[in-house]
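Asks: The lines below spell out each chain.
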Amino acid sequence: MDKPIYLDNAATTPTDPAVVEAMLPWFSARYGNPSAIYSLGAQAKEGVTLAREAVAGTLNAQAREIYFTAGGTEADNWALIATAQAYAHKGRHIITSAVEHHAVLHTCQYLEKQGFSVTYVGVDDQGVIRLDELRAALRPDTILISVMFANNEIGTLQPIAQIGQIAREAGVLFHTDAVQAYGHLPIDVQALGVDLLSASGHKFRGPKGVGFLYARDGVKLPSFLHGGAQERARRAGTENVPGIVGLGAAAQLAQASMAWRAETETGLRDYLIERVEREIPHCRLNGHRTQRLPGNVNFSFRFIEGESMLIMLDQAGICASSGSACTSGSLDPSHVLLAIGLPHEIAHGSLRLTLSAENTREELDYVVDRLKEIVQRLRQMSPLYEDFCRKQERS
Amino acid sequence: MYSEKVMDHFTNPRNMGELPDASGVGTVGNAKCGDIMRIYLDIDDQGVIRDCKFKTFGCGAAVATSSMATELVKGKTIQEAMALTNQAVMEALDGLPPVKVHCSLLAEEAVHAALWDYAQKHGVQIPGLKPPKADIGEGEEDEEG
Ligand SMILES: Cc1ncc(COP(=O)(O)O)c(C=O)c1O
Numbered sequence: 001m002d003k004p005i006y007l008d009n010a011a012t013t014p015t016d017p018a019v020v021e022a023m024l025p026w027f028s029a030r031y032g033n034p035s036a037i038y039s040l041g042a043q044a045k046e047g048v049t050l051a052r053e054a055v056a057g058t059l060n061a062q063a064r065e066i067y068f069t070a071g072g073t074e075a076d077n078w079a080l081i082a083t084a085q086a087y088a089h090k091g092r093h094i095i096t097s098a099v100e101h102h103a104v105l106h107t108c109q110y111l112e113k114q115g116f117s118v119t120y121v122g123v124d125d126q127g128v129i130r131l132d133e134l135r136a137a138l139r140p141d142t143i144l145i146s147v148m149f150a151n152n153e154i155g156t157l158q159p160i161a162q163i164g165q166i167a168r169e170a171g172v173l174f175h176t177d178a179v180q181a182y183g184h185l186p187i188d189v190q191a192l193g194v195d196l197l198s199a200s201g202h203k204f205r206g207p208k209g210v211g212f213l214y215a216r217d218g219v220k221l222p223s224f225l226h227g228g229a230q231e232r233a234r235r236a237g238t239e240n241v242p243g244i245v246g247l248g249a250a251a252q253l254a255q256a257s258m259a260w261r262a263e264t265e266t267g268l269r270d271y272l273i274e275r276v277e278r279e280i281p282h283c284r285l286n287g288h289r290t291q292r293l294p295g296n297v298n299f300s301f302r303f304i305e306g307e308s309m310l311i312m313l314d315q316a317g318i319c320a321s322s323g324s325a326c327t328s329g330s331l332d333p334s335h336v337l338l339a340i341g342l343p344h345e346i347a348h349g350s351l352r353l354t355l356s357a358e359n360t361r362e363e364l365d366y367v368v369d370r371l372k373e374i375v376q377r378l379r380q381m382s383p384l385y386e387d388f389c390r391k392q393e394r395s
Numbered sequence: 001m002y003s004e005k006v007m008d009h010f011t012n013p014r015n016m017g018e019l020p021d022a023s024g025v026g027t028v029g030n031a032k033c034g035d036i037m038r039i040y041l042d043i044d045d046q047g048v049i050r051d052c053k054f055k056t057f058g059c060g061a062a063v064a065t066s067s068m069a070t071e072l073v074k075g076k077t078i079q080e081a082m083a084l085t086n087q088a089v090m091e092a093l094d095g096l097p098p099v100k101v102h103c104s105l106l107a108e109e110a111v112h113a114a115l116w117d118y119a120q121k122h123g124v125q126i127p128g129l130k131p132p133k134a135d136i137g138e139g140e141e142d143e144e145g
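Residue numbers (the numbering used here), protein chains in the order written: chain L, 1 to 395; chain R, 1 to 145.
In case anyone wonders, no lab produced these hints; they're calculated from the structure. Don't take every hint at face value.
[To be verified] Restricting the straight-line Cα-Cα distance to at most 30 Å, the calculated cross-link-like pairs of lysine-lysine (BS3-like) are:
#1 LYS133/R <-> LYS76/R
#2 LYS121/R <-> LYS76/R
#3 LYS372/L <-> LYS133/R
#4 LYS45/L <-> LYS220/L
#5 LYS391/L <-> LYS133/R
#6 LYS220/L <-> LYS208/L
#7 LYS372/L <-> LYS5/R
#8 LYS32/R <-> LYS5/R
#9 LYS3/L <-> LYS208/L
#10 LYS32/R <-> LYS391/L
#11 LYS5/R <-> LYS74/R
#12 LYS391/L <-> LYS121/R
#13 LYS133/R <-> LYS74/R
#14 LYS3/L <-> LYS5/R
#15 LYS74/R <-> LYS130/R
#16 LYS5/R <-> LYS121/R
#17 LYS90/L <-> LYS113/L
#18 LYS208/L <-> LYS45/L
[Stated by the list, open to error] Ranges between beta-carbon positions, derived for each pair:
#19 ASP314/L <-> VAL101/R: 38 to 46 Å
#20 LYS5/R <-> ALA256/L: 38 to 46 Å
#21 THR77/R <-> GLY209/L: 54 to 62 Å
#22 LYS133/R <-> ALA256/L: 42 to 50 Å
#23 THR77/R <-> GLU358/L: 41 to 49 Å
#24 PRO97/R <-> HIS106/L: 39 to 47 Å
#25 PRO97/R <-> GLU373/L: 21 to 29 Å
#26 GLY128/R <-> HIS106/L: 42 to 50 Å
[As the list claims (entries may be wrong)] Every beta carbon over 12 Å from chain R, so not counted as near; a handful from chain L, in silico:
#27 SER28
#28 ASN60
#29 ILE81
#30 HIS102
#31 ALA137
#32 ASP141
#33 ALA191
#34 ALA229
#35 GLU263
#36 THR290
#37 GLY306
#38 HIS335
#39 PRO343
#40 LEU384
If you're wondering where the values come from, they're calculated on a predicted model, not measured in any experiment. All C-beta atoms, glycine included, are put in the ideal place defined by N, C-alpha and C.
Assemble the whole structure, with the sequences as input and the hints as a guide.
Replies: Rendered as structure tokens:
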């Protein structure tokens, strides 16, 4: 394998060459500060404005509702902390889900330390939020519901329109972390009743370190970084002009190619799932079978551990990820896998493969062939498998 | 993240497998935390470890430390095996990342657990040997996933 087979597109994507091309002039010839009044500055301001309009167009939003940030994490932090601050007089209760990204979960924990109370609504065994639990969690002092659009580990899509409806009826703001969905699935903030939305450039072939927060007109959004008047005085600091231009270009490219990419990825995804389920015993597909990101595949393989799998896949030239403890830097496996009810030892044996439309069936065939060997080899090494086989023989 | 030695022992584990007629078998760790090690010892009448095998469920470091531990006790006397420390296993592997140090402790415990099993079965006293901790989380392994 000269070039690795990249199956970790949920972690990050390569920047599209056309996006790099669009960004380059903004590092050199068009280096002006957008706040400056001479034409070099005005040109940069124009670049940022066009990107803002492009992004707004993809969401059915207005340009002034888009605030550029340094990525998805910042947009999540901002959405939660700002609404908590701005609406604390109305109440100090926030509802979120048990399967959010740490950018949301850890921000909620931070807000709990600041005296807010947070309800973490559970999910079913496929990772879909329990809407009855969500409804029951609403209180007179609830100010915000924050539920992700699509899960980054198991790919499950949440019923965003229904949650938007629930929020609307309750008079509560609705934020969605759409970092995994934006640029991959159509999103209409009007139709979905979304008030705040986070996205990140590098998940849809844009550059890293740039993202945006959509905040509906009329939603109070206190400034997050204090200083100059950039981003309508909400997010101070000289704009990351090349990054913002790149994000805008990536958003437009993603929008234009969305339909065929989703179709291609779904085909590849289901092919991969089918081969694994048919050829590797004792595996379990994690997440919803159809309400799922087009490129997401997540399996647990019993009796083996994820990190070992990743090292062996890497040796075979395959980039993947896992929710095992060893890859999370803690003793517990992924909170998402535990939330869908997996026992710890099965959660440790999880493998996430996230595809792009550039992957081919030939690549996936190679991956499944290697994966079969790797799982078999690790099971031969596993005392859990040995015990399992003994038990089978006895019964 | 891992040293070349760790990668070597992970990729080409030494003494991986089972000993059907082992004189002592020890299993330590916990499926919940993601590491289980089992060590098989074949000990002769002179108290020398003639053969040693391992099976491990766990990360790269868990496999490498068990592999190295078997290398370090094979051919040794019980007393020499008793003196094996996690430090020695780590040094032999040219070090481990800080978050993986517990794997080397587990390897040391696995050897001791296998010696304990041997001592119990053969009615021998091994000075300094304590009973292994019983925290193997295999209970939930019954139903099909
Ligand atoms: C669902 C979700 N939210 C937030 C983030 C954080 O985005 P960023 O890396 O741009 O800060 C990620 C990226 O891993 C994600 O998958």
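Asks: Between LYS3/L and LYS5/R, does the CA-CA distance stay at or below 30 Å?
Replies: 26 Å, holds
Asks: Is the Cβ of ASP141/L farther than 12 Å from every Cβ of chain R?
Replies: Label holds. Min Cβ-Cβ 37 Å, cutoff 12 Å.
Asks: Is the hinted range of 54 to 62 Å satisfied by the C-beta distance from THR77/R to GLY209/L?
Replies: 59 Å, holds
Asks: Does the alpha-carbon distance linking LYS90/L and LYS113/L stay inside the 30 Å limit?
Replies: 18 Å, holds
Asks: Does ALA137/L really sit off the interface, with its C-beta more than 12 Å from all C-beta atoms of chain R?
Replies: 29 Å, holds
Asks: Within a Cα-Cα threshold of 30 Å, do LYS32/R and LYS5/R meet the stated pairing?
Replies: It holds: about 27 Å lies between the C-alpha atoms, which stays within 30 Å.
Asks: If we take the beta carbon of HIS102/L, is the closest beta carbon in chain R still more than 12 Å away?
Replies: Check passes; 18 Å lies beyond 12 Å.
Asks: Does THR290/L clear chain R by more than 12 Å, comparing its Cβ with all Cβ atoms of that chain?
Replies: Label holds. Min Cβ-Cβ 21 Å, cutoff 12 Å.
Asks: Does the alpha-carbon distance linking LYS372/L and LYS133/R stay inside the 30 Å limit?
Replies: Violated: LYS372/L and LYS133/R sit about 35 Å apart, past 30 Å.
Asks: Please work out if LYS121/R and LYS76/R have their alpha carbons no farther apart than 30 Å.
Replies: 20 Å, holds
Asks: Please verify whether LYS133/R and LYS74/R have alpha carbons no more than 30 Å apart.
Replies: 23 Å, holds
Asks: Please check whether the beta-carbon of ASN60/L is more than 12 Å away from every beta-carbon in chain R.
Replies: 42 Å, holds
The structure does not agree with the numbered hints 3, 16, 19, 20, 22, 23, 24, 37, 39, 40 stated previously, though it agrees with the rest.
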